[in-house]
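Q: The listed protein sequences correspond, in order, to chains A and B.
Using the working numbering, the first residue of the first sequence is number 20, and each one after it goes up by one.
Using the working numbering, the first residue of the second sequence is number 20, and each one after it goes up by one.
Don't read these hints as lab results, they were simulated from the structure.
Computed from a predicted structure; not experimentally measured.
Even glycine gets a Cβ: it sits at the ideal position worked out from N, Cα and C.
Listed below are several chain B residues computed to face chain A (Cβ distance under 10 angstroms; list not exhaustive):
1. GLN92
2. PRO120
3. PHE125
4. SER160
Simulated coverage check for chain B against chain A, where a stretch passes if three residues somewhere in it have a Cβ under 8 angstroms from a Cβ of chain A:
5. 82-88
6. 129-141
7. 168-181
Chain B is nowhere near these chain A residues, computed Cβ spacing over 10 angstroms in every case:
8. ASP27
9. LYS51
10. SER52
11. SER65
12. GLU69
13. LEU201
14. ASP202
15. ASN206
16. GLU207
17. ASP218
18. CYS226
19. SER242
2 protein chains.
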Amino acid sequence: MEPIIKGDSALVVFSGGQDSTTCLFWALKHFKSVRTITFGYGQKHSAEIECAKAIAAKAGVDFHYMDVSFISQLGRNSLTDTTMEMDQTKPQDNFPNTFVPGRNLFFLSIAAVYARELGIRDLVTGVSQTDFSGYPDCRDSFIKSLNVTLNLAMDEQFVIHTPLMWINKAQTWEMADHLGVLDLVRNETLTCYNGVKGDGCGHCPACKLRSAGLETYLTSKDS
Amino acid sequence: MEPIIKGDSALVVFSGGQDSTTCLFWALKHFKSVRTITFGYGQKHSAEIECAKAIAAKAGVDFHYMDVSFISQLGRNSLTDTTMEMDQTKPQDNFPNTFVPGRNLFFLSIAAVYARELGIRDLVTGVSQTDFSGYPDCRDSFIKSLNVTLNLAMDEQFVIHTPLMWINKAQTWEMADHLGVLDLVRNETLTCYNGVKGDGCGHCPACKLRSAGLETYLTSKDS
Chain A
20 MEPIIKGDSA LVVFSGGQDS TTCLFWALKH FKSVRTITFG YGQKHSAEIE CAKAIAAKAG
80 VDFHYMDVSF ISQLGRNSLT DTTMEMDQTK PQDNFPNTFV PGRNLFFLSI AAVYARELGI
140 RDLVTGVSQT DFSGYPDCRD SFIKSLNVTL NLAMDEQFVI HTPLMWINKA QTWEMADHLG
200 VLDLVRNETL TCYNGVKGDG CGHCPACKLR SAGLETYLTS KDS
Chain B
20 MEPIIKGDSA LVVFSGGQDS TTCLFWALKH FKSVRTITFG YGQKHSAEIE CAKAIAAKAG
80 VDFHYMDVSF ISQLGRNSLT DTTMEMDQTK PQDNFPNTFV PGRNLFFLSI AAVYARELGI
140 RDLVTGVSQT DFSGYPDCRD SFIKSLNVTL NLAMDEQFVI HTPLMWINKA QTWEMADHLG
200 VLDLVRNETL TCYNGVKGDG CGHCPACKLR SAGLETYLTS KDS
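Next up, chain A with everything else stripped away, as it sits in the complex (with noise of 0.2 angstroms):
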């Protein structure tokens, strides 16, 4: 069902992954204007980059990459440290070493400043606490507590929508379905902390989360 009334415009922060892919739909069914922003932060696989890329394309919107590489230099992570070897789970009394301390913070202050250059006031972001594998910046207080911040920072009234904090893997891929873009957001992201494409390497957490998650939302179709 489409909404009556659209918003104005909206910036959607774009990996080319599988959440931000289908919040990029989502801003476009709500938003009469889209544009995206996608981040190159020394991650291993920028093939995720060109991913985005290509399905910023192929769904019309504006594409508009930024380097920002310095957060890379901050701390160490396994995301962008290629010697580090990447935890499966999550240790017992720390974050997985795949958290890059403070990058959502980052993405979303960064987009927060080039939205108002463009006179954009929404924001969209596909974090979700239901699936947040231990990172803290990905939880909704987080989220809440950066908008007031980014407000106060700038005197403005950003909106930063999370159209999948409540759900949970397979919930986004019901979301996808109704969007009309299951197959594409199978096919064409990329989650895959291994850099594949699509179905991905199937063994790194990122996989394991992604496919369980699409196995039980077709089971559940289907039945």
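Dock chain B against chain A, hints included.
A: Positioned in the frame of chain A, the structure of chain B alone reads:
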């Protein structure tokens, strides 16, 4: 009067100007170990970075420089764009064009991630609501909101210290005097928008604020 109990370690956001230099010496009085972080963001007068380095060396503290020139790509402002004439006063319905959107947001966020890597939880910044020149990111409510946001982003307990928040420029000079560094702050810091060290060009907004404060303080001290 020296504090009897000092905190362990603090990181000072340090520009080499009057305010952050006063904060550096405030931090040296209140913490056993002090480090600084200085940002280059394409400001016209990189002379201030040289000032910062020289003062850090004199104070015997670690000097860490970070290039954050991405900030000036985000929006136009007269501190980084040489084609713009600087606003001398605050326009009625807008920020002065010396406002770099998100500057303190990025400085403090990056400082927090860097501090966390070093095991430091105390951050010091020289922002002041009293002389905030129309910049929303110098207000107390912004700093407190950001403090909460940073703690939520990284599941930490950062404390942002703002020794100058509620004092004016005359009182900042008084503080420097009590810390025994009035001459150092007067002669070796750079606050001037035109890049002139010490007493500065004398006619830009920053120089006017600085010299009026100094005059007020010296007059009250003599009387």
